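Below, each chain spelled out in residue letters.
Number of protein chains: 2
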Amino acid sequence: MQMQSSCSLPRPKSPPMARSSIIPSSLSDGLVFTAGAFLALLIFLGLYCFLSPTPIPNRLFSFSPSFSSTSSHIDDTYDPPDETFYDDPTLTYTIDKSISNWDEKRRHWLKLHPSFSGGRERILMVSGSQPYPCRSYHGDHLLLRSLKNKADYCRLHGIELFYNTALLIPSMNFFWAKIPVIRAAMLAHPEADWIWWVDSDAIFTDMEFSLPLDRYRAHNLVLHGWPELVYKKKSWCSLNAGVFLIRNCQWSFDFMDEWASMGPQSPDYEKWGKLQTSTFKDKMFPNSDDQSGLVYLILTGKGGWRDKIYLENEYYFQGYFAEIVGRLENISARYIEEERQGPAVLRRRHAERVFVSYAKEMKVQLGKQKGADTGPTGWRRPFVTHFTGCQPCSGDRNKVYSADNCTLGMYKALNFADDQVLRIYGFRHASLVSADVQPLPFDYPRSEE
Amino acid sequence: MQMQSSCSLPRPKSPPMARSSIIPSSLSDGLVFTAGAFLALLIFLGLYCFLSPTPIPNRLFSFSPSFSSTSSHIDDTYDPPDETFYDDPTLTYTIDKSISNWDEKRRHWLKLHPSFSGGRERILMVSGSQPYPCRSYHGDHLLLRSLKNKADYCRLHGIELFYNTALLIPSMNFFWAKIPVIRAAMLAHPEADWIWWVDSDAIFTDMEFSLPLDRYRAHNLVLHGWPELVYKKKSWCSLNAGVFLIRNCQWSFDFMDEWASMGPQSPDYEKWGKLQTSTFKDKMFPNSDDQSGLVYLILTGKGGWRDKIYLENEYYFQGYFAEIVGRLENISARYIEEERQGPAVLRRRHAERVFVSYAKEMKVQLGKQKGADTGPTGWRRPFVTHFTGCQPCSGDRNKVYSADNCTLGMYKALNFADDQVLRIYGFRHASLVSADVQPLPFDYPRSEE
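Chains as they are written, first to last, in this note's numbering: chain A, 1 to 449; chain B, 1001 to 1449.
Next comes chain A alone, as it looks inside the complex:
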């Protein structure tokens, strides 16, 4: 409201001499006047469009009913009556029926909803867990803290989060359950350019890190993995299917159809189990699984999908918890030292809404430091720490890991992340293994010298 009253400029008072210029008396003056007005409008529109992709309000040019009567704010929740793919009775949200021409359908929807076009790429994060309590004592509490962790990351980065607790296709359970959810989410969110699936046991441990989306512009599916492990070692662990980015496009629908055809609801399920087991000597159980299925498609090139699949390993797109949790105290101490020694901007208190710009400052600072690398030998915060094999909910963890390693490890990772958020609210944990928190003094951590 203030903006409007300060924005609406009063009509300037014209001096007597200029009065006749503003109201030209001759036709030629009128033409000159109109020419000036027209040229000014052209220049302004051109400058505006160049400097800001925000559409000029429709209401300047039409009587679009998107005008909200309670304020003059453009209503981006308005849905025009024009037909879209939603009005097609043959389109279903379920996985049994393929989608076609999705790119065109989505493009058409975006044209009718211009608020969602242009600007930076939109991501929808999707995660989920079972609809009934966990068997293990800490299970649901860890899931709760993990959901909070995801909500924190998304809030800091302007990303939407959909957490699902419904098993959409009863026969597609466990790790297969995510495929129907992702598919339904793509249809429900045509404005999203990417769906980012993140397992419930994957924790964001670097709140400051943003995905380098430019890197993936020529690809449609991004996972953490190593090509040499795919092609040379033929390992079912050469990538991780618990965290991935998938582009909201026709390729992805087709890909998910193929991927899902290896699942338990498919008549080919057993065949795929045998094929995967014979291909991957280190596969741990005989049934077809989503991860082995992915490796198989990349290894064999079957279907031609691999050209659009990016195996990311330059940072912890998802990181194996066992090589991370033991280092978290040290990483935390190094960051505190950077903030203590570094420029004042690293210690400056600020609103949560401007978090990302301070993250950039820290990135610059880290860029100057030796050893501030990602990976098992560096002290850069790991982006995502994935407790794969811990099974905190069922308790059926891989016996290679102790309950302490897993459970305590998860609490440490969660507190490590929570410290980065609580900082904005003026507090931090007493230690990574403590639920207790302490207030932070002004100019922390330099004030602790």
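Note that these hints are calculated values from the structure, not bench results. Misleading hints may appear alongside valid ones.
As the list claims (entries may be wrong) - In silico lysine to any residue, SDA-like type, Cα no more than 20 Å apart, as pairs:
hint, chain 1, residue 1, chain 2, residue 2
1, A, Lys368, A, Gly378
2, B, Lys1360, A, Asp82
3, A, Lys274, A, Lys308
4, B, Lys1363, A, Asp76
5, B, Lys1234, B, Tyr1310
6, B, Lys1097, A, Lys97
7, B, Lys1363, B, Tyr1310
8, B, Lys1111, A, Val354
9, A, Lys97, B, His1350
10, B, Lys1111, A, Lys97
Stated by the list, open to error - DEER-style ranges, computed between Cβ atoms:
hint, chain 1, residue 1, chain 2, residue 2, range
11, B, Val1433, A, Asp96, 18 to 28 Å
12, B, Leu1213, A, Pro441, 30 to 40 Å
13, A, Gln341, B, Leu1213, 23 to 33 Å
14, A, Glu83, B, Leu1213, 26 to 36 Å
15, B, Asp1088, A, Glu361, 42 to 52 Å
The structure presented is a predicted model; accordingly, all values stated were derived computationally and were not measured. All C-beta atoms in this analysis are idealised placements derived from N, C-alpha and C, irrespective of residue type, glycine included.
Here the structure of chain A is known, so what remains is to put chain B in place on it, guided by the hints.
Showing chain B alone in chain A's frame:
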């Protein structure tokens, strides 16, 4: 990017006769031309500001470093180096030290961050729970589902959510714990006009309902309650302190200082316990509690706070679960009937992002129906269903309620709400007490006739 290329209008080809008009040869022509240009600019700016509160990009008028080099999008995460309240060493996030001149401090911050000025009022929802597992079996699972429920509501309505699991002041535990969190959140979110505290056991059961904020423009604190129960019955239950809206302003900081002075960390804690117990004959335990404290301040008018406190009872700003859960099946059936009989727009599939405009359509439809009232005799969906007294986490429920009433009731309310979200993804629960879900056919529920 598309928008830019479609936006930048080509320079029109000028006919030979007009050429000399565009490049005036005389001084008076120049004045007329300039006058025309200036007037066009004024009219355009005025129209633009009137129709859209989005600030005209700073870069048209200054060289603000908020220009992002990777796109021409205004960077609203930019924090200028100008001093704000954050740079004041005497300001603390903790509750032991008062804040002063907050309205001016906040106004100054908003001036430096114009993206957050104007438009509709911003709300930050805040909730939380303990940092260690619940004692009761279903406890953490219900908290997890409840957090998902809040995240769903916030995502649908463009509201931010902060879920806290840290006890900021050890001595301010249980229901007192929220006050330090809200205070810290106000400082961390100067862009928020309101903080909306929602207890962890309060479930959003009408996803379509939006807060009627206009109603509260003259108040700073909104709770569910009844004046007659305050003044006539002098009941500690005349309002509920588990769900409230508090304005982000100096009044609220001062109010919270007074409210917190009744808490366990205060030297007056015992005195307040005795005062509250002698004032409210139905108070259930002798220690000072936040809710009785609030009723006391309104009843006595002490401190003059009550003039800015709004007791809302025209809808379930928060609703007592025991008068709601038994009616949920019936309410669900009535809504399905409305959708079946009503106009096609109520059944139209749509993106989640335009949910709010379909909610408005349903509101119009309900306005025509007898009995579609809120309250114990109506069949309007209750906005918030609050399981106060159930204590799902500790299990120490009020013995008036059975475990089934509470636990089963919470699952029903959560599924009732989840149905409204899953609908957008093409599914619904088989029943309110079932975790199983079913796909929805096109034109549901008319397709089921």
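The hints, checked one at a time:
At roughly 14 Å between alpha-carbon atoms, lysine 368 of chain A and glycine 378 of chain A fall within 20 Å of each other, so this suggested pair holds. Distance check on the hinted pair: lysine 1360 of chain B and aspartate 82 of chain A sit about 18 Å apart at the alpha-carbon level, within 20 Å; holds. A hinted pair counts as satisfied when its Cα atoms are at most 20 Å apart, and lysine 274 of chain A with lysine 308 of chain A does not qualify at roughly 26 Å. Between the alpha carbons of lysine 1363 of chain B and aspartate 76 of chain A the distance comes to roughly 19 Å, so the proposed pair stays at or under 20 Å and holds.
A threshold of 20 Å between alpha carbons decides the hint, and for lysine 1234 of chain B with tyrosine 1310 of chain B the separation of about 17 Å falls inside it, so the pair holds. Of the supplied pair hints, the one linking lysine 1097 of chain B and lysine 97 of chain A is violated, its CA atoms being roughly 62 Å apart against a limit of 20 Å. The suggested pairing of lysine 1363 of chain B with tyrosine 1310 of chain B is violated, with an alpha-carbon distance near 24 Å, which exceeds 20 Å. A threshold of 20 Å between alpha carbons decides the hint, and for lysine 1111 of chain B with valine 354 of chain A the separation of about 14 Å falls inside it, so the pair holds.
Restraint check: the Cα-Cα separation between lysine 97 of chain A and histidine 1350 of chain B comes to about 19 Å, which is no more than 20 Å; the hinted pair holds. Taking the CA atoms of lysine 1111 of chain B and lysine 97 of chain A, the gap is near 53 Å; set against the 20 Å cutoff, the hint is violated. The hinted window of 18 to 28 Å between valine 1433 of chain B and aspartate 96 of chain A holds, with their beta carbons roughly 27 Å apart. Between leucine 1213 of chain B and proline 441 of chain A the beta carbons are some 37 Å apart, a value that agrees with the proposed interval 30 to 40 Å.
Hint check: glutamine 341 of chain A to leucine 1213 of chain B, Cβ distance near 46 Å, so the stated range 23 to 33 Å is violated. Glutamate 83 of chain A and leucine 1213 of chain B have their C-beta atoms about 35 Å apart, which keeps the hinted 26 to 36 Å range intact. The hint said 42 to 52 Å for the Cβ distance between aspartate 1088 of chain B and glutamate 361 of chain A, and at roughly 21 Å that hint is violated.
In summary, the numbered hints that this structure violates are 3, 6, 7, 10, 13 and 15.
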